[in-house]
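J.: Listed below are the residues making up each chain.
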Amino acid sequence: MAAVELTLTERITNLLYDYVEAIDDGRLEAWPELFVDDCVYKIVSRENSDRGRDLPLVYCDGIGMLRDRINVFRNALIYSYRFDRHLLSNVRVVDQANGVYRVRAHFSVFKTDPEGQTEVFCAGRYDDRVVIPNGTPRFKEKIVILDTFNVPNMIQTPL
Amino acid sequence: MQHPDEIKWPKADFSRVPLSVFNNADVFAREMERVFQGPVWNYLCLEAEIPNAGDYVVVYVGDKPVVVDRADDGSVHAFENRCAHKGTKLVRHNQGNVKNHTCIYHHWCYDLSGKLIGVPFQRGYDGKSGMPATFDKADHGLTTLEVATYGGVVFGSYRRDVEPLESYLDKPMRDYIDLTLGRPVEVLGYWRQRIPGNWKFYFENLMDSYHAGLLHQFQATFGISRSTQRGGSHMDKLKRHRIIYVHYGSDDTQAAKAGYGDAKVIDDTLKLNDTRMIEFIDEFRDGRSILMMTLFPNGFFQRLSNTLAARQIRPKSADEFELHWTVFGYQGDDPDLRQRRLLQNNMIGPAGLVSIEDGEVGALIQDVLGANPTANTVIEMGGTGPIVDPDSPLTEIPVRGFWRYYCHLMGFEPEGGAAWRP
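Just so you know, the protein sequences line up as chains X and L, in that order.
Residues in the first sequence are numbered consecutively from 35, following the working numbering.
Residues in the second sequence are numbered consecutively from 3, following the working numbering.
Not one of these hints is a red herring.
Derived lysine-lysine pairs resembling DSBU-like cross-links, with alpha carbons at most 30 Å apart:
#1 Lys145/X with Lys174/X
#2 Lys139/L with Lys91/L
#3 Lys273/L with Lys174/X
#4 Lys318/L with Lys145/X
#5 Lys13/L with Lys239/L
#6 Lys91/L with Lys117/L
#7 Lys273/L with Lys76/X
#8 Lys88/L with Lys130/L
#9 Lys239/L with Lys66/L
Reference excerpt, derived from the structure (chain X facing chain L, CB under 8 Å, subset only):
#10 Asn82
#11 Pro90
#12 Met99
#13 Arg101
#14 Ala110
#15 Leu111
#16 Asn184
The set of hints was computed from the structure by calculation and includes no laboratory data.
Everything numeric in this text was worked out from a predicted model, so none of it was measured.
Here a beta-carbon is modelled for each residue, glycine too, at the ideal position from N, C-alpha and C.
Just chain X, same shape as in the assembly (with noise of 0.2 Å):
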């Protein structure tokens, strides 16, 4: 099939989808690498973002950390694996300067434990800032900010 042309909108846009499905296949070893070397990326709870408290559930400064929170999570942790599936909406590129490119978009997480039963996990948004180095988006930074601060049990994979 013949490549596309894309707007950069549209390779923004993609990003962001590239990052649900990379989650959701289980292909978490690719889900820092959709991130520049110093990068942030935060999941705070709405009760503390709206009263600005400081206090982040995850907090990865740098790439390393990123990498580091999958490491421990296949090598390390006790869980029960869900299949996560991320439903994506309201992406719109907000705003932009030097080369930094805010993104707002929707999101909710639905999970489906061992013997196939779905439940909605969660409901957010995402504040991104994302740069674009040697003609490829990348997050910059990633704030998840979480409706669903009564958190269903525990957050495993990435939001």
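Following the hints, put chain L in place on chain X, whose structure we already have.
T.: Positioned in the frame of chain X, the structure of chain L alone reads:
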């Protein structure tokens, strides 16, 4: 389902627990009344959460929502979050600041101590209607709890005849609070998680140091807490609360691996790209990378590496509880220490590389209980002798202390033995 009156405790040394107490709705109802509304002090919140007059937070005592606030004279009050008129939820936000509490339904108004101070149209209008002359606002205040504070921690009790808080806590626990909360606290934020398990499994888990160096491979591998480290433990006079501590770097990794034997818990092939998350600094100058305090029936205070948090157990049903975390640092922490705490907090909470495994265990226990479980659990690590302060982290003795006091409150008597009395 077995009626609570039919439950006999399997052994007088409390080394067995009938699994049926973990998913029995009648047992749960009795716990709400006899444990959480019994002669105990429940952990409510930190004073740092309500520093100013009018500040309030909504917490839970057992399954009951309770408002804790600070009045104009600085005193702290706690009352059930329910209007005395029609039973409507009175306070509708998790926290905030108010002059008084007014119900949305008929605008009955309560002061910050829970007294009814305003009833619209109490005298009617235009000479008609109104409350009867016998209606006295003093009879219709909110359902209040006894409140006491120690070292910036707020406790509440439903019992007017509860023992004084200082005696309830006992010395080791007061010392812990003096050490950990003896300087102004800055609340960094909250976490909440709904764990699909029984609240008593979690209390047991907190009293059980045997699991800590086994289940939590991350902290064993990186030497934050291992079963082979030097540490200690203190309990109160009735053995219902527990403190445990572990000295960082007090074992040798190779000797520890030999000690673990066939249990392949320490994985020295596991390496981190970025070690800031596990870099412990000895800010208290006591060398302890773990210092935890469990307070019967619902409180837990954690110092894990440089993370600090208070946890509140909020039972929802026999099959579920909420774990509520108040994560804090200290006012005046320098930016480096503050950042260190935030990064180390990756180890704890609902996404914590150490703590999520406890939630997993709760689900794994609850998942296979079935409708009428008949088996007992086994609690024998450290022996089944007297319940005393253990001399090793490899122990379940404090777990038996929890069950002994629980059975005393619940009226569960051991088969073939005399009931324990404090």
